[in-house]
Amino acid sequence: MDESCDDDDEPVRLEARGVVLERETGCARWLRWSVHLVDRSADDVARALPEKGHENTSRLPGLALFVLPGRHQLLLVPATGRIQLRLDIGVPHEDRAGEALRLGRWLAAQLGG
Amino acid sequence: MSTPAAPSLRTYIPNYDLMNYGGIPTVYHCHHFNLFLDQTIDDALGPDEGTKLRFIAAREASHHFIRALVTRAGALTPAERLEVAQRTFAGMGHGRLQVSGDRAGGTATGEFLHYGFSWAEKYGQKVRRRKPADAFAAGYAAAALEVAQSLERETMSAEETTCIATRAPQCTFTLKPGPQAKAVVPVREPDVRARVKPTFASATGEDTISAIAKGLRDFTAPVAGDERGLVQAFGVYVTLHLAGYYNRISYDALAHVVANKPALVPMLEDLLRESGHVCVFNTFGGILASPEWEAMVGKHSGDPQAIILGNLAIARALGFGHWTLAEYQPNERVVLRAPATYESVYYLTRHGASDRPSEYFFQGAALAIAQLAHRIDWRQKPSLTQDFYNSLFKGGTLPWKVEQTSCTACGHEYSEVVATRVG
Numbered sequence: 001m002d003e004s005c006d007d008d009d010e011p012v013r014l015e016a017r018g019v020v021l022e023r024e025t026g027c028a029r030w031l032r033w034s035v036h037l038v039d040r041s042a043d044d045v046a047r048a049l050p051e052k053g054h055e056n057t058s059r060l061p062g063l064a065l066f067v068l069p070g071r072h073q074l075l076l077v078p079a080t081g082r083i084q085l086r087l088d089i090g091v092p093h094e095d096r097a098g099e100a101l102r103l104g105r106w107l108a109a110q111l112g113g
Numbered sequence: 001m002s003t004p005a006a007p008s009l010r011t012y013i014p015n016y017d018l019m020n021y022g023g024i025p026t027v028y029h030c031h032h033f034n035l036f037l038d039q040t041i042d043d044a045l046g047p048d049e050g051t052k053l054r055f056i057a058a059r060e061a062s063h064h065f066i067r068a069l070v071t072r073a074g075a076l077t078p079a080e081r082l083e084v085a086q087r088t089f090a091g092m093g094h095g096r097l098q099v100s101g102d103r104a105g106g107t108a109t110g111e112f113l114h115y116g117f118s119w120a121e122k123y124g125q126k127v128r129r130r131k132p133a134d135a136f137a138a139g140y141a142a143a144a145l146e147v148a149q150s151l152e153r154e155t156m157s158a159e160e161t162t163c164i165a166t167r168a169p170q171c172t173f174t175l176k177p178g179p180q181a182k183a184v185v186p187v188r189e190p191d192v193r194a195r196v197k198p199t200f201a202s203a204t205g206e207d208t209i210s211a212i213a214k215g216l217r218d219f220t221a222p223v224a225g226d227e228r229g230l231v232q233a234f235g236v237y238v239t240l241h242l243a244g245y246y247n248r249i250s251y252d253a254l255a256h257v258v259a260n261k262p263a264l265v266p267m268l269e270d271l272l273r274e275s276g277h278v279c280v281f282n283t284f285g286g287i288l289a290s291p292e293w294e295a296m297v298g299k300h301s302g303d304p305q306a307i308i309l310g311n312l313a314i315a316r317a318l319g320f321g322h323w324t325l326a327e328y329q330p331n332e333r334v335v336l337r338a339p340a341t342y343e344s345v346y347y348l349t350r351h352g353a354s355d356r357p358s359e360y361f362f363q364g365a366a367l368a369i370a371q372l373a374h375r376i377d378w379r380q381k382p383s384l385t386q387d388f389y390n391s392l393f394k395g396g397t398l399p400w401k402v403e404q405t406s407c408t409a410c411g412h413e414y415s416e417v418v419a420t421r422v423g
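In the order they appear, the protein sequences are chains A and B.
Heads up: the first sequence begins at 1 in the numbering used here, then just goes up one per residue.
Heads up: the second sequence begins at 1 in the numbering used here, then just goes up one per residue.
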């Protein structure tokens with residue numbers, strides 16, 4: 001049997017109003033997504049979400065972590081600009097891309113997109 | 001009575017980086033390793049004997065574990081004791097297990113059980129499984145009922161009758177009394193402490209390794225299972241697991257093969273080493289690639305030695321032992337050394353001195369660490385895919401080989417594995 005995280009290695013890219021999501025291969029299928037913002041930075045997100053009432057729950061300096069409804073997580077490393085979306089493992093396989101896209105749209109809305 | 005939260009009883013033996021929970025040896029491993037090792041046991045023994053060994057090992061390790069927990073918690077009634085066992089199981093990332101019954105037996109049900117759930121997640125869409133996957137949960141449930149009912153250890157049997165890995169809607173178990181298992185020497189924290197050799201620092205990068213290991217431990221200390229009994233850290237789903245389980249299934253399976261199918265011994269030894277590849281590629285690799293690592297340690301520099309030191313820190317934080325870098329020649333030779341590993345202390349306690357080096361996981365992990373350091377450019381954010389794994393670890397002669405040159409289970413002063421470039 002396969003021993004790595006993913007057996008589906010093709011790149012997957014989703015776009016939602018200035019938010020670009022690229023699937024990462026991770027511990028389980030279709031759960032991790034790299035987030036790229038067309039004209040915003042990780043810093044912008046880290047500032048915008050608390051203003052919208054979302055709590056940064058990170059215990060690590062240098063990392064911002066927002067737990068979204070449905071147990072999904074949005075992680076930001078402002079110093080490097082990295083943003084990662086982690087879907088909860090309870091999302092059925094067939095719904096994961098759609099859920100990622102929905103959260104991308106949600107993020108765009110939070111940023112005023 | 002108090003029920004312990006998952007991380008509160010976690011301790012490390014100072015300067016040995018061997019983890020205990022409630023005084024019982026434990027380590028962190030992710031589902032890739034767990035599924036691979038269980039499959040290895042079934043491949044070596046056949047599915048029926050493999051399942052039987054995995055159940056026996058789980059029950060034995062879990063009995064000592066649960067007894068230690070309920071004693072610490074002051075849990076006296078059967079209901080209190082089952083509550084402690086079940087909450088701890090969930091807190092460790094094994095899912096939710098509900099056990100009920102009396103001295104005549106009982107039943108158990110499971111949701112999000114680690115093995116079944118993760119097997120379905122990883123393989124369920126491409127492989128039809130015929131046999132249940134949760135022998136560990138079965139052993140744990142049997143041990144929980146034994147302790148709850150103040151029964152002699154290893155007198156309750158359990159069978160998983162339905163499993164989500166076989167596409168059943170739920171995992172269910174039946175428990176009933178059975179013959180008491182043959183007594184084996186327990187392996188607890190005091191036994192481990194009595195068998196470790198003098199410790200030492202890394203010849204290279206000790207300050208770096210120690211600082212990262214401490215950061216990882218601090219970060220994971222409060223991490224516990226969610227309401228489903230799932231633990232996610234660094235984007236990897238992990239379990240806090242009983243080292244005795246891993247060790248017993250590995251060494252008992254090997255002893256069985258030595259006695260009955262000696263021609264297959266090298267194959268099983270290779271698979272036990274490969275469990276180290278699987279762990280390092282998926283868990284260590286997942287941690288290295290995570291945003292948490294980037295925030296805690298910084299962006300990858302491209303220096304292979306930095307990856308090696310980071311991996312040694314991860315190993316220490318996961319409770320594998322005080323892994324050190326004894327020697328390093330870039331792209332040529334990586335020598336890891338430890339005063340003890342979770343494998344060697346178990347082997348010495350349970351079996352006495354070994355006549356040959358037997359820390360297979362340590363061997364495989366060392367090879368994988370050398371490969372991760374020299375064959376992956378972490379600055380490029382690599383995808384940890386099946387194809388990538390295959391390109392690194394399968395398909396002909398690898399560019400690195402590993403040899404264990406010293407083993408504390410053999411009575412040597414330290415355990416040492418040497419990864420050498422061959423191509």
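These are calculated hints, taken from the structure and not from any lab test.
Treat each hint with caution, since some may be false.
[To be verified] What follows is a set of in silico ranges between Cβ atoms, one per label pair, in the way DEER data are often shown:
1. T57/A - T77/B: 52 to 58 Å
2. R103/B - G70/A: 39 to 45 Å
3. K126/B - P50/A: 40 to 46 Å
4. E94/A - R129/B: 41 to 47 Å
[Unchecked claim] Coverage of chain A stretches by chain B, computed from C-beta distances (three or more under 8 Å per stretch; other residues unrestricted):
5. 22 to 29
6. 41 to 50
7. 84 to 91
[To be verified] Some, not all, of what chain A presents toward chain B, calculated at C-beta under 7 Å:
8. T57
9. L60
10. G62
11. L63
The structure displayed is predicted, hence computed values, not measured ones.
Built from N, CA and C at the ideal position, the CB exists for glycine as well.
Now the hints, each set against the structure:
1. T57/A - T77/B: 52 to 58 Å: violated (37 Å)
2. R103/B - G70/A: 39 to 45 Å: holds (43 Å)
3. K126/B - P50/A: 40 to 46 Å: Given about 42 Å between the Cβ atoms, the range holds.
4. E94/A - R129/B: 41 to 47 Å: violated (20 Å)
5. 22 to 29: Holds: 6 residues of the segment 22 to 29 of chain A have a Cβ under 8 Å from chain B.
6. 41 to 50: It is violated: at least three residues are needed, and the segment 41 to 50 of chain A offers just 0 whose Cβ sits closer than 8 Å to chain B.
7. 84 to 91: Per the Cβ count (4), the hint holds.
8. T57: With Cβ-Cβ at 12 Å, over 7 Å, it is violated.
9. L60: holds (5 Å)
10. G62: holds (4 Å)
11. L63: Hint holds; L63/A Cβ to chain B Cβ min 4 Å, cut 7 Å.
Checked against the numbered hints listed earlier, the structure breaks hints 1, 4, 6, 8; every other hint is satisfied.
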